[in-house]
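Letter by letter, the chains look like this.
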Amino acid sequence: MQTTTPQLAETIGALGLGAADTGAAFEVATGPAWAMLIPMLPLLGAAIMGVCAIMGVRSKLPAWITVGLLGFSAVLAAAMYAWLPENGRAVSVAWEWINVSWGDEPGQTLKANFGFYIDSLTCLWMLFVTLLATLIALYASEYMSHDLGAGYCRFFAAFNLFVFSMACLVMGDNLLLLFLGWEGVGLCSYLLIGYHYKKHSAVFAAKKAFIVNRIGDLGLLLGVFLTFVHFGTLEYKDLFPMVQPYIEAMRQGSISDIPALVQLIPVLLMIGAFGKSAQLPLFVWLPDAMEGPTPVSALIHAATMVTAGVYLIARMYPLFLVSEWALPIVAWVGGLTALVAATIAMAQFDIKRIMAYSTVSQLGFMFCGLAFLSSVGGAFHVVTHAFFKATLFLCCGAVMHGFAGQLDLRKLSGVSFMKGWGIVGIAMLIGCLNLAGFPFTAGYFSKDMILAEAFITPGPGYQFLGVILLLTAGITAYYTFRVFFRVFVGPKHFEPGDELHGHDGHTDDHHEEHGSSSHGANSDHADENGHTPGDHEPLGGSVEERGKKSHADPEHFHPHAPGWAINGVLVTLAILSVLAAALYFFPGADKAHKGWAGGMISGSTAALVVGGEADHPTRLAAFVGAEPEQGTLFGQDPHKIMYYVSGVIGFVGIAIAFALHYAGRKESERSSADNLLQVKPIRTAHRWANAKWYVDELYDFTLRKPLWAASQIFHLIDKLLIDGLVNLVGYLPRALGKGVRPSQSGVLHGYAAAMAGGLAVILLIVLLLSL
Amino acid sequence: MVSTFASMADFLAPAQASFPEGMGSVTLAHYLFVSVAMFTLGLIGFLTRRNLIIMFLCTEMMFQAAGIALIAFSRFYLHHTGQSFVIFVLTVAAAEAALALALVVLLFRGRESLNADQWHSLKG
Amino acid sequence: MPPRLSSPLGWCVAEVITPLILYVAVIIGAVGVWMALPRKRVNPQIIGGLVAAIAGGLVLIGLGIRAREVEGGLPNLYFYVFAAIALGASLRVITHQRPVYAALYFILTILSSAGLYLILAAEFMAFALIIIYAGAILITYLFVIMMATQSPSEEEVDVLAEYDLQAREPLAAVFAGFLILGALSVMIFTGASKLPGEADIRAQAPHPDHMLQLLPRRVERVLQDEGLISGRERIVREARGVLSLDPEARTAVVARTVDLDGDPAGGFIPGSEREVVLPDHLRARNVESLAYDFLNRHPMTIEIAGVVLLMAMLGAVVLSRRQVDIDDERKRQQAERRLRDAEEARL
Amino acid sequence: MSESILHVLILLPIATAAFIVSRPANEAKTVALWGSLISLVLGVVAAFQFDWSNAGAMQPEVSLVPWLPALGLSISVGADGVSMMLVLLTLLLGPICVAASFSSIKHRVKTYYAWLTVMQAAMVGVFIARDILLFYVCFEFTLIPMFVLISIYGSSNRKAAATKFFLYTFTGSILALAGLIYVIWFNATRVPVEAFAGAGEWSFQIDTLRQAAVRMSPTEQGWVFAALLLGFAVKVPLFPVHTWLPLAHTEAPTAGSVILAGVLLKLGTYGLYRFAIPFTPIAAVDFAPFIGVLAVIGIVFAGLICWVQDDVKKLVAYSSVSHLGFCVLGLFALNTMGQSGSVMYMINHGLSTGALFLLIGMVYERYHTRSMRELGGLAAKMPVWSFFMVFFVMASVGLPGLNGFISEFMCLMGTFQSSDTLAGSSIGATPGVLGPVFAILAGTGVVIGAMYLLMMTGKMVWGPLREPKGHDHDNHSELPDDLNAREIAVLTPLAVLCLVLGLFPTPVLKGIEAPVNDTVRWVHEHGGLRLYRDPAPARVTELSPAGVVTPELAAPRAGGER
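Chains as they are written, first to last, in numbering that gives the first Met the number 0: chain A, 0 to 770; chain B, 0 to 123; chain C, 0 to 346; chain D, 0 to 561.
These aren't lab readings, by the way, just hints derived from the structure by calculation.
Treat the hints with caution; some may be incorrect.
To be verified - Distance condition first, Cα-Cα at most 25 Å in a straight line; then the derived SDA-like pairs of lysine to any residue:
| hint | chain 1 | residue 1 | chain 2 | residue 2 |
| --- | --- | --- | --- | --- |
| 1 | A | Lys110 | D | Phe503 |
| 2 | D | Lys163 | A | Phe713 |
| 3 | A | Lys737 | C | Ala311 |
| 4 | A | Lys110 | D | Val383 |
| 5 | B | Lys122 | A | Gly562 |
| 6 | A | Lys110 | D | Gly434 |
| 7 | B | Lys122 | A | Tyr750 |
| 8 | A | Lys197 | D | Phe503 |
| 9 | A | Lys491 | A | Ile425 |
| 10 | A | Lys418 | A | Gly562 |
| 11 | D | Lys158 | A | Ser742 |
| 12 | D | Lys313 | A | Ile716 |
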């Protein structure tokens, strides 16, 4: 690996990284006071929801308040973006949060204000967060309509709190406020996943999500400690100037004089990012998080929260660049996660879980984007992915809402041809095209930027990683259209889900176990009431078994089409996903920045290094000078080549899906893919992939059970050993007393004899001594 | 009358005026031996006899043994404190006798028997 | 008195014989006493008594030989008489089965001790012992014994209380006792030589007759009886009322008093002093020196002794106050019941 | 702040108790409540009178009520920033405990409230004592009311729990007394009179003893520190000596548990802060890694035990052991961040764990069971209770935005940065003896904390409703299903405080920072730690028996002097 680092350094040097104008780049203007409103409005909203809950409001009022407030903060975000161009960076402080100082030296004061750091990266993130939040709130107003009253208020309170935390995370001007947002979103995902608290699986999934996030947060916390210990401050405006000398050292290519501690910081921060964005080691919580209502999955587990990890790395990009090992690790973890998640998604039957795994996979792409030094690609993919993944989730939500909780793709077919479901079908198609990377869709452009970089950025095994990503892109295309062809097109057929009679209350006590893919196995903490991880056969079981179980009479059930709110949101989101592609062409301040997203990134800390990526050829020219053979892909400009390659792969994926799942499929149950299963290796591969490569069981076996046994042992040690010793000390005097008691026999002679004997002994001793 | 008394004393033992050369043969050790022997007999009596009164009698004997030793020392050291101390020994013996006998009467009235082994209610 | 070993032969005799005799005597004494203790079986009490007496005699003779070896001259006979009686009687006290006889033997022991006191020139104490001890204390003992000894019913006249027949763990007691005796007597033997010698005693002790200086009236009365001083003559008082009398030289300075009827307090006529030689029989008697020592050195102890006696009296009164007037029949039933309880308790 | 108000703060509760006893039983409740409310108001007034700009110094300047001048005994009171905060915490918990036990205490009401109020006086006495006499008397006196509360008003095997609690803590404090007396003796005999004010004579004043104790030789300091540590460690429950706490908590009545967890455990840590560390700085520095290890074991060990608990009160009790592990870790980080974090921890733990005990008590009053197996899913039946439970669980898990996080972060940060090796290279680190390894291990405690507390919430709050078998639906106790107005009134101030301290900790932090800075500076100068990367002041040289030691102090940094 050693060989590559000089190249890495030289590349950074070549890219003209490092802000030449060190001084000017970092002076920070004081931000507008109203910028603070963006996070404060949702907080106010959460408070209002609390009041509604106390007052027992049973109307849809909470939803309208939330939509209103979030809409207003979206407008403010836009205003902030508009206000931004002329002065780059600004900080507006709400109030002084933590301030501990033990001296006046630079490193002797830890100051963390409730301050908001406004630069282009913040605007980029806040725009799509607030926009999506408003739309999904509107969607949720109808989706959650069947449990108005306390549940409704609780949902929207958590929803508002989530947006507040996300705003703090993104806009925080110091790592501590980021950490507050970080754990805040963790809390809200806990509350929202556990929304249907009557269901054991929901409660269990919520706990699992919170604890796995907490493990990630521990890594982040240690990163924060190390940052303060080394740099003496946590605030961005002081932190980044202090990183510059290390970037200079990196440019000179002398890695050795960057202290090991500094190189360790990004590794720790990365652990936090992986925990929050469900990357390989800590991804087990995201699929189970689908227990929560669909708007939650759409907003939190598809669009906003999971991108927090990407945001962290983008924000702390200077640190990541100075560390020799940080970016390669991110690349490889991202790449492997993408592959693993894609393979699992292929074998799932529950459409929401497929979408969840696809999110994990796409996040892998984003991390690779950042790792391949194209933070522009990563960021742009975040934006496009947010929109089309939200569309896909909301379509699935609409289907689930309409078909009484039915999510199994074998139970549904030809939905878009049913009356009233046209819009959902079209929105789904647009989403799938984007996800699959169909040429000229937004997803296509953003994924290309990442894939192209894979082949030209020098780094340990990046080329091989590029190939993996290409393969994953193909698999993504396949499973996306597998869902589309199985559910939305083909012969019309449907079966009601198990929430049929659920309409009178979203879940009632005797809600029989859904038995879907929630294997109950989990990475760290199996639920105590015994979800044995043995349940491997594909979910849902055969039709007869399903029929018997669902009490309602299937004949006269008729799905109810989504209302105006859901359709409206789906239409807007579909349009936005399409428009997102335009952003790639929308000319930013100057052509060099590769579209709008590039412009936004270049102005922020994330770009401080990537700047100077002016136009493609000059960069290439710089390369040509350095290492001609490694810089190009098949001799041409990598991006141009990637357009064709990824387009072809997209087509291949869609074609396979079409062949297997649409051509000649008579009913929803079987498809030509099933006869593929007869082939032994494919069947076992399918079984393993369906069971999530047994990662949950692995964690359960290696972490949870030994920890549980250790705790039992500790409990025993505490009860017997330590407590035992204390009781022993209590028992000793009594035992001693019992021993001595018989000597007091009460008989006179006894005492006399004792005295005489004593006297005799004494005299003898004196006698012996005196001889 | 006094002189006859004095002469009898002289008969029994030459007056103290002259140092006891005459009786040189009986040394202090003799008296001490007698005293120790009497003390031992008293002790054995106290240990072996069950009858309460005899036990107290034996204690009296031990007192008496002490008295002999004291007088012997007083005589051989020509110092009268020994003798005056015997008076105190007597007072203690008297006090002890009075109390012990009152106790014995009480105990006897309680149990109609003098056997020392019957009273062991002070068992621990 | 510490033996002065004059001849080597004397040394070996003293060294070899006496300790050996002592040990042998002690063992024989132990065996004797053990046999003498009261037992239910046919008890060779008398033989035991004899053996013990022999042992006692052996020791005393041994002491005698040792003394004679050292001193020369016949041992003072009376000491041995009284010692033998004392030890014999005390042996009988502990071995006799009938309590009354034990008390009577104890009186005999007291009398023989009084004899020993007399030999030791402590006349006052001898008689005090007889009067107080034998006279008062032991008589009370006899009262209590009489009262407490169960009156035997008509048919068995001289049945003895069961607890008087059998001695209790005789072997252990005797062993312990004679162990102490052996140890003490060896100590006496070895220690005796370490006691201060005759010269030291004489040096420390004041002249036996120094008491005379403190007894003005007695000395002056004897002198008047002998006619050595005239009516108005008194012995000259030195500081604090001490008579100017020299016990060594046995002379006293006499002078005529100013006061006509002979009261020395008024002072003396100077120049009328003259020497008077004291008559031979004028000696300080034991009672006087004892009284002086008793009252002068231990005033506080006397007070305490008084308090002790008062307490004893009070105690006795309190203890015997509860007059439980229950008739004999119920008393006996009570006793039987208690005996039965005691038996069950012991089982 | 005048001395008289402090005296009143001690005497008022005693007067209230006397008044309670004199009044008939049915009035005991109200009298106790009003008494504690008045003392709370007085506390707040005192806080306003307190000169926060100079929080470091003991206020009032001089306060000496001579009691036995011959022996140098006097009652002197005074409070600095830290004591003021802890007094306010005690006075706040007072009325809350009284109000919380209205419905649960039915028999022997007068004794209950009388003892509860008297304990208030003792606890306030400990925090504002400026001389060892008052400190130790109050320190010991707190045991008696607690013993009475547990042994009379506890649940099943309360007798054993009460006796074990009393004897265990009592033996501990005897050792502490031994250490303190040695220092007093040392000051009276070994320190020459002209060394400093009050030297050489029999004085019990904490300030004089502090200056004297520093002159002890390292071996003497080691022994005195060991004695003080043992004494206070039992009270803190540091790891090996903690077994009395779960027993005492499960058996204590609700209010007893709240007071025990809220304030009594803080006596131990306050003792360590005020006596163990400043009196014997060299030994504190030498022992710090050892105690750090104990604290970390405590955190992880007790945390894991919580995870396997079935009785919810025992779970919260063990969680107190784990939480106070952080507190002690912060204390022995020997830097401002760590120590002010641990003082904050004392306050926060008092609020959040006190509230948790109140919540458990409310459930116990309704269902008379504490087993998580029989009882669960209360969200359906008791939504308000569930809201508070989730809120306070999040507070004690250390969710940022609530108070738990501030103290937990500062303690871990203090531990992380307090290492000499780091201090050499990084500007953010401070000289100290713990280090990143301790912080990482203690950090796992944060995850374990989330595990067991969420396990508890998952069982008690979420999930389907499970009620104990014997519980018939028309629940016989007169309490409504969900919380009644009184219970909500008891919980709301705690909740508001948790939120306010979480978002606006600066006033409290600034109040604590000044005294903590002085202590840290004192420890660093006399403990041989390099302060602010100056050249290490020579360790206080061996005290020759006759002579006195003049510790060569490195000139404190010009800028650093506050």
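Okay, the hints, checked on the actual structure:
1. For the proposed pair A/Lys110 and D/Phe503, the alpha carbon gap of about 13 Å is at most 25 Å, so the pair holds.
2. As the CA atoms of D/Lys163 and A/Phe713 are separated by approximately 22 Å, the hinted pair is consistent with the 25 Å bound.
3. Between A/Lys737 and C/Ala311, the direct Cα distance comes to roughly 37 Å. Violation of the 25 Å bound is thereby established for this hinted pair.
4. For a cut-off of 25 Å, the pair hint linking A/Lys110 to D/Val383 is broken: about 36 Å separates their Cα positions.
5. Simply put, B/Lys122 and A/Gly562 have alpha-carbon atoms about 95 Å apart, too far for the 25 Å limit, and the pair is violated.
6. Only pairs whose Cα atoms come within 25 Å are accepted, and A/Lys110 paired with D/Gly434 is accepted, the gap being roughly 21 Å.
7. This hinted pair checks out: B/Lys122 and A/Tyr750 have alpha carbons roughly 12 Å apart, not beyond 25 Å.
8. Only pairs whose Cα atoms come within 25 Å are accepted, and A/Lys197 paired with D/Phe503 is rejected, the gap being roughly 36 Å.
9. Restraint check: the Cα-Cα separation between A/Lys491 and A/Ile425 comes to about 16 Å, which is no more than 25 Å; the hinted pair holds.
10. Simply put, A/Lys418 and A/Gly562 have alpha-carbon atoms about 13 Å apart, close enough for the 25 Å limit, and the pair holds.
11. For a cut-off of 25 Å, the pair hint linking D/Lys158 to A/Ser742 is broken: about 32 Å separates their Cα positions.
12. For a cut-off of 25 Å, the pair hint linking D/Lys313 to A/Ile716 stands: about 16 Å separates their Cα positions.
The structure is inconsistent with the numbered hints 3, 4, 5, 8 and 11, although it conforms to all the rest.
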